[in-house]
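With chain F held as given, fit chain S onto it using these hints.
One-letter residues, chain by chain:
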Amino acid sequence: MDLLEFARGPALKVSVGIFCLGVVWRIAAVAGLRIRRELSPARTSVLRYVGDGLVAIGSRSWPHPEFIKRTGAGEALGYSYHLGLFTIILLYGPHIALLDSLFGFTWPCLPSSLITGIAVVTLTLFVGVLFRRVTSPVIRMLSNFDDYFTWFITMSVLVTGLATSAHLGARYETLLAIHILSVDALLVWFPFGKLMHAFYIFPSRAINGAILARKGAPS
Amino acid sequence: MLGRNGVSRRGFIKFCTASASAMALPAWMGAAMAEQLRNAPRPSVVYLSFQECTGCFESFTRSFSPTIENLMFDVISLDYDDTLMAAAGSAAEAALATAMKDHYGKYVLIVDGSIPTGAGGAYCTAGGRSADMTLRAAAEGAAVILAVGTCAAFGGIPFANPNPTDAWPVSAIVAGKPIINVSGCPPIPEVITGTLLQYVTTGKLPDLDENLRPKAFFGNTIHDRCYRRPFYDEGKFAKSFDDEGARNGWCLYELGCKGPTTYNACATVKWNSGTSFPIESGHGCLGCSEPDFWDKGSFYAAQSGADWNKAGETSPREVLELAGGTATVGAVLGIGAAGVGRHRQHQSELDAAERHAAYKD
Numbered sequence: 001m002d003l004l005e006f007a008r009g010p011a012l013k014v015s016v017g018i019f020c021l022g023v024v025w026r027i028a029a030v031a032g033l034r035i036r037r038e039l040s041p042a043r044t045s046v047l048r049y050v051g052d053g054l055v056a057i058g059s060r061s062w063p064h065p066e067f068i069k070r071t072g073a074g075e076a077l078g079y080s081y082h083l084g085l086f087t088i089i090l091l092y093g094p095h096i097a098l099l100d101s102l103f104g105f106t107w108p109c110l111p112s113s114l115i116t117g118i119a120v121v122t123l124t125l126f127v128g129v130l131f132r133r134v135t136s137p138v139i140r141m142l143s144n145f146d147d148y149f150t151w152f153i154t155m156s157v158l159v160t161g162l163a164t165s166a167h168l169g170a171r172y173e174t175l176l177a178i179h180i181l182s183v184d185a186l187l188v189w190f191p192f193g194k195l196m197h198a199f200y201i202f203p204s205r206a207i208n209g210a211i212l213a214r215k216g217a218p219s
Numbered sequence: 001m002l003g004r005n006g007v008s009r010r011g012f013i014k015f016c017t018a019s020a021s022a023m024a025l026p027a028w029m030g031a032a033m034a035e036q037l038r039n040a041p042r043p044s045v046v047y048l049s050f051q052e053c054t055g056c057f058e059s060f061t062r063s064f065s066p067t068i069e070n071l072m073f074d075v076i077s078l079d080y081d082d083t084l085m086a087a088a089g090s091a092a093e094a095a096l097a098t099a100m101k102d103h104y105g106k107y108v109l110i111v112d113g114s115i116p117t118g119a120g121g122a123y124c125t126a127g128g129r130s131a132d133m134t135l136r137a138a139a140e141g142a143a144v145i146l147a148v149g150t151c152a153a154f155g156g157i158p159f160a161n162p163n164p165t166d167a168w169p170v171s172a173i174v175a176g177k178p179i180i181n182v183s184g185c186p187p188i189p190e191v192i193t194g195t196l197l198q199y200v201t202t203g204k205l206p207d208l209d210e211n212l213r214p215k216a217f218f219g220n221t222i223h224d225r226c227y228r229r230p231f232y233d234e235g236k237f238a239k240s241f242d243d244e245g246a247r248n249g250w251c252l253y254e255l256g257c258k259g260p261t262t263y264n265a266c267a268t269v270k271w272n273s274g275t276s277f278p279i280e281s282g283h284g285c286l287g288c289s290e291p292d293f294w295d296k297g298s299f300y301a302a303q304s305g306a307d308w309n310k311a312g313e314t315s316p317r318e319v320l321e322l323a324g325g326t327a328t329v330g331a332v333l334g335i336g337a338a339g340v341g342r343h344r345q346h347q348s349e350l351d352a353a354e355r356h357a358a359y360k361d
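Protein sequences appear in the order of chains F and S.
Going left to right, the first sequence walks through residues 1 to 219 as my numbering numbers them.
Going left to right, the second sequence walks through residues 1 to 361 as my numbering numbers them.
So that you can see chain S by itself, here it is in the shape it has in the complex:
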């Protein structure tokens, strides 16, 4: 089949090895993957999009190793995806129902977007069903669920304060099913395809962190692997986006880079076929693969800085107001305490004078 599709044996092994390497799996996993992919029937994959911007799917389509074409034609059977499929309306709904029925208990469910539950689920419906209903029904027969993107994994921007649609991540709706969170806004293409490939070839869940993300991709911070890290260690920081430090490519920590608290593979796998990643383009990390990243204060405030106002920053004016107010109260208390002290001093002197007079008498 691979030969018919113009894929040589050598090319196929290279693809498997590259995928294994992207996931930091041992070298022998490349051969094991190739063997598994050659013999196994293509597993059914159902891709559901809910309250999202389609950025995650756009990212998915830009994977270079493996490419989405590799995956769809050789590795998986993408039985439902309303963005990509030619069918629409009742034909598309029928395809979803058939996939869920025929592969019950075996299919991989990919979810993209958060699930709005406000207004009875009316904010996101398809085929007359709310996202909540569709997800619960699809999750029932899924072998595993991949929550792709920060919205599906942690609620993302829809979940951010004030969360007008009462949106939730997949893990808050579905219970009792293995969930793998592939977070990011959007996630790195190779992280989506690599995680999917790892599952379909091994049939096992990858090692996950406490946020249910594959450790192979989310085990280190951006800061740990950042090419600008030596500048952090040297104490060389850009102070603004157009200063000498920025032009010299110094560390963006003081400009609010969230690299030290963001776990993702941006600094190693990178984007656009390994071309670059946001920090390489001169902007600090936004921390988009972390829970509640949208509500964690300003993107431009250093992480060691104060976070006192709604913008997640503070200003000298606020500090002055706080210091002035509290110092005034302190001065009043201090003057009161000094008054009590003076009274005691006076009393003590009177007592001493009395003792002195008594002694003289």
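If we strip away everything but chain F, and leave its shape as in the complex, we get:
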């Protein structure tokens, strides 16, 4: 068994298993917690504050006009690289081939050269994100190992992917194996680090929005 077979075979299988186990574990562990009983009476109907909770998913995902000058650039940076990552993952031919092999369906892809361009831009934005994290005193103080390691592991997937598509530095099979291994590592780390925000972010915004709306402070 060579490195590529190992990466696509047992390593990928184990990492997908750990990913599924970890994600369900973390979601169940949080969903199973008791929401603190509110002693004050609700300021609005159940239907209204649940609806406001859903609205909060959108309204809290956009900078408040009052803070837009201070946080707008950071949010734009964040949204841009997320968009880049999703485009690369979902619209690159070899990635679609992987997803097809796992789920049994396929869809059209973007030209590889366009994906390469998007990857370079995303990579640059990613460096910008790190720069912002280390230069902003507040964000630096709020950052811990989890933030930096999550950045590193996502960055390594991007860098190895770019090297693979451009055939840079080593043979294609070696680069592809290293790239898939970096994805395997990301899948293993996913449920236990900040990447888990992918599953938590929208439910947590909805629940916080609903709680606040119940107290009479709709988003």
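Incorrect hints may have been included.
[To be verified] Label pairs and their computed distance ranges (CB to CB):
hint: 1; chain 1: F; residue 1: R34; chain 2: S; residue 2: A358; range: 20 to 26 Å
hint: 2; chain 1: F; residue 1: S113; chain 2: S; residue 2: N211; range: 43 to 49 Å
hint: 3; chain 1: S; residue 1: N220; chain 2: F; residue 2: I89; range: 25 to 31 Å
hint: 4; chain 1: S; residue 1: F64; chain 2: F; residue 2: V127; range: 52 to 58 Å
hint: 5; chain 1: F; residue 1: I89; chain 2: S; residue 2: E58; range: 35 to 41 Å
hint: 6; chain 1: S; residue 1: P316; chain 2: F; residue 2: F6; range: 18 to 24 Å
hint: 7; chain 1: F; residue 1: E66; chain 2: S; residue 2: N248; range: 53 to 59 Å
hint: 8; chain 1: S; residue 1: N248; chain 2: F; residue 2: S143; range: 22 to 28 Å
hint: 9; chain 1: S; residue 1: N211; chain 2: F; residue 2: P63; range: 43 to 49 Å
hint: 10; chain 1: F; residue 1: T87; chain 2: S; residue 2: S273; range: 43 to 49 Å
hint: 11; chain 1: F; residue 1: F86; chain 2: S; residue 2: R225; range: 29 to 35 Å
hint: 12; chain 1: S; residue 1: L208; chain 2: F; residue 2: I89; range: 36 to 42 Å
hint: 13; chain 1: F; residue 1: P65; chain 2: S; residue 2: Y227; range: 52 to 58 Å
Bear in mind the hints are in silico, worked out from the structure with no lab data behind them.
Where a beta carbon is used, it is the ideal one built from N, C-alpha and C, also for glycine.
For chain S alone, coordinates are given in the frame of chain F:
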């Protein structure tokens, strides 16, 4: 001699130049080759066939530049080849012994096929000797060994799991001799003859890659030189062998083409006098010139795809089973963790109530 054989000076120079060009050698090598071939005695070549299908030899005979006739009558002295020679039995064995004795230390040994060592070597014998014994004896006096075909170079199909004959490539049996691997199942005819010609004219080993293959022929991947590469770059892939993409000649990556990981000259030298190569005929590369190509999963699974089962593929059912199993374990762990969390929440509320009561008191 060339004139007597109906070969003009111009034709001879053209042949040398074409051979040099096929090996990506500099232009002056054509003239150097011609000079060397004109003056040098024809080197002795011994061709041994072991556990093989004769496909490699069939390929060898279909070389168009140089042709096997050119080689045999003008360039080399093919002193032993049990497929081609008229002699048989003890006469053939005597020819082999004579070639090995008379040209000891100088002859080129071409080996075709893997060497089975199981059952005391009984799976492949000739003249009462096993392939293993014959190879060791012949290798001793060889100047260089050309392992022709993936079986001789890397073990090939006989070496593939479960390897019932305990077959091995030449490099696993012979030590201390220069070996050039000319892999492929079969190798491209011009790659066999070109490598042989390069050695007999220069007397030097060509630049070799880490798998001991001549870089001139195995330096690039099929994918790098493939005429369908622009479609890969444009993201145009055939999704099945009879869809519009396939009819338009789009990239076969998603249909399992092994071009990106296969180092060979198929896309440039091509086959049948440069007519075409497998991808040009509509089928993906099988990666036949790479070690263990038979055991590297399905020929029809994309290289970026998952490889989870014995067929070298995976299926949504397998993914569902894995996800279902691990998610169930995750749910049990999660519910347990939530139970512990609730207990802590409860304890924390009790503590807060106690502190509150104490404060009130």
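For each hint, the structure was consulted:
The beta-carbon spacing between F:R34 and S:A358, approximately 25 Å, falls within the hinted interval of 20 to 26 Å. Range check, F:S113 to S:N211: about 31 Å between beta-carbon atoms, so the 43 to 49 Å window is missed. With their beta carbons about 29 Å apart, S:N220 and F:I89 fall inside the hinted range of 25 to 31 Å. Look at S:F64 against F:V127: about 54 Å separates their beta carbons, and that is inside 52 to 58 Å.
Separated by about 47 Å at the C-beta atoms, F:I89 and S:E58 break the suggested range of 35 to 41 Å. Distance hint check: the CB atoms of S:P316 and F:F6 are about 23 Å apart, consistent with the given range 18 to 24 Å. The hinted range of 53 to 59 Å is satisfied by F:E66 and S:N248, whose Cβ atoms lie roughly 55 Å apart. At about 50 Å, the beta-carbon gap between S:N248 and F:S143 misses the expected band of 22 to 28 Å.
The given range of 43 to 49 Å is broken by S:N211 and F:P63, whose C-beta atoms sit roughly 56 Å from each other. Remark: the range hint 43 to 49 Å for F:T87 to S:S273 is upheld by a beta-carbon distance near 45 Å. As the Cβ distance of F:F86 to S:R225 is approximately 33 Å, the hint placing it in 29 to 35 Å holds. The given range of 36 to 42 Å is respected by S:L208 and F:I89, whose C-beta atoms sit roughly 39 Å from each other.
At about 56 Å, the CB distance of F:P65 to S:Y227 agrees with the hint of 52 to 58 Å.
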